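So the sequence lines, in the order shown, correspond to chains A and B.
The numbering of the first sequence is this note's numbering, which starts it at 1 and goes up by one.
The numbering of the second sequence is this note's numbering, which starts it at 1 and goes up by one.
Treat the hints with care, as some may be off.
Here are some of the chain B residues that sit facing chain A, going by a computed Cβ distance under 8 Å [claimed, not checked]:
hint	residue
1	A107
2	V118
3	I121
4	L126
5	V141
6	Q142
7	L144
8	Y152
9	A161
10	L162
11	L163
12	G259
13	W261
Derived by calculation from the structure, the hints in this document are not laboratory data.
The structure displayed is predicted, hence computed values, not measured ones.
Ideal placement from N, C-alpha and C gives every residue a C-beta, glycine not left out.
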Amino acid sequence: MNPVNYLYLAALLFTIGAAGVLIRRNAIVVFMCVELMLNACNLAFVTFSRMHGNLDGQIIAFFTMVVAAAEVVVGLAIIMTIFRSRHSASVDDASLLKL
Amino acid sequence: MSAFAAASATSTGEAVQFWVLGTVAVLGALATVLMKKSVHSALSLAATMIILAVFYLANGAYFLGVVQVVVYTGAIMMLFLFVVMLVGVTAADSLKETIRGQRWLAAGCGLGFGILLVAGIGNASLRHFNGLGQANSGGNVQGLAALIFTKYVFAFEITGALLITAAVGAMVLTHRERAERAATQRERSEARVREGKQLPPLPAPGVYARHNAVDIPGLLPDGTPSELTVSPTLRARGQIRDVSGEALAELAALEQRSGDWLEQGHGDTKGAAK
């Protein structure tokens with residue numbers, strides 16, 4: 001098997017995640033799809049690291065994980081705040097600037 | 001061992017592992033997008049992430065594989081599940097489209113994007129694989145640490161600042177300043193009397209002769225279910241078992257049967273007496 005297959009898998013997962021972000025309405029599920037896209041990128045980075053025989057790709061994947069953790073913390077806090085004022089987790093209901 | 005794993009050529013075992021687990025990963029990703037309940041989406045995503053951890057291990061990223069399990073499936077997905085429990089129970093996902101044809105357009109865009117990505121990878125000249133044997137020769141974690149604390153030390157420091165900012169931001173966003181004094185118990189009870197709400201404790205769920213589960217509404221004397229007896233959360237989830245009609249039908253059937261039996265027995269005794 002050619003390790004390029006890992007790249008194809010990463011592309012597939014990224015596409016599914018991107019389509020999910022566009023299709024879904026629930027803010028939490030949209031957020032999960034963003035996480036899926038980040039994970040697909042990490043897989044591509046790790047595969048590239050193996051291709052080139054150095055560890056820089058893994059370092060970038062590690063930093064991506066850290067940024068994803070920070071993003072989840074802030075994003076879920078925002079979803080909680082919107083839910084408290086609007087009683088809904090739908091992204092359509094947050095169309096007004098005012099909470 | 002680490003020199004052998006993640007070499008330039010892949011073994012048959014790795015190919016089998018890729019095809020089996022890759023299929024499951026894609027199915028999990030599709031389930032994340034397509035499942036109606038967000039809890040199911042979260043669990044599918046957790047499964048996909050565990051499989052990705054296995055792929056990291058297979059690609060020689062031993063540290064990242066473990067971190068993926070601990071951080072992603074352990075911490076981030078559990079955070080997601082907490083928020084789903086706080087938010088998603090009563091928040092139904094609206095299925096009506098606000099923009100006409102948006103779903104098909106989005107699916108088309110996704111398909112086109114996927115074709116573009118796959119074609120790009122297919123056209124790239126990716127024939128030579130160096131493998132991680134040499135890079136991992138001193139140990140994967142040691143190699144990563146050497147890079148993080150020399151070449152990427154500045155990015156690493158900034159990451160620390162990012163994490164602190166995120167933690168403070170989450171606290172600021174979820175913190176609520178109390179604008180007015182909290183009502184005391186006496187004030188709340190007086191307000192309840194003034195508004196004419198339910199004064200005694202709410203009636204208990206269940207029909208004690210047959211069921212006393214919390215998801216079964218208690219019946220009023222005329223056989224209709226009482227709305228007050230079940231939790232609003234269960235009602236929002238649609239998990240209430242309404243037995244009132246069932247119970248009344250069963251009662252009617254029992255009366256019918258006993259009537260039949262009495263008639264039969266009556267006839268029998270009459271026959272015996274004759």
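Hint-by-hint comparison with the structure:
1. A107: holds (6 Å)
2. V118: holds (5 Å)
3. I121: holds (5 Å)
4. L126: Holds, about 5 Å.
5. V141: violated (10 Å)
6. Q142: With a closest approach of 10 Å, the Q142 of chain B hint is violated.
7. L144: L144 of chain B check passes; min Cβ-Cβ to chain A is 6 Å, inside 8 Å.
8. Y152: holds (6 Å)
9. A161: Where the cut-off is 8 Å and the nearest Cβ of chain A is about 10 Å from A161 of chain B, the hint is violated.
10. L162: holds (5 Å)
11. L163: holds (6 Å)
12. G259: This interface hint is violated because 52 Å lies over the 8 Å limit.
13. W261: Violated: closest Cβ of chain A sits about 55 Å from W261 of chain B, beyond 8 Å.
Hint check: violations occur at hints 5, 6, 9, 12, 13; the rest are consistent with the structure.
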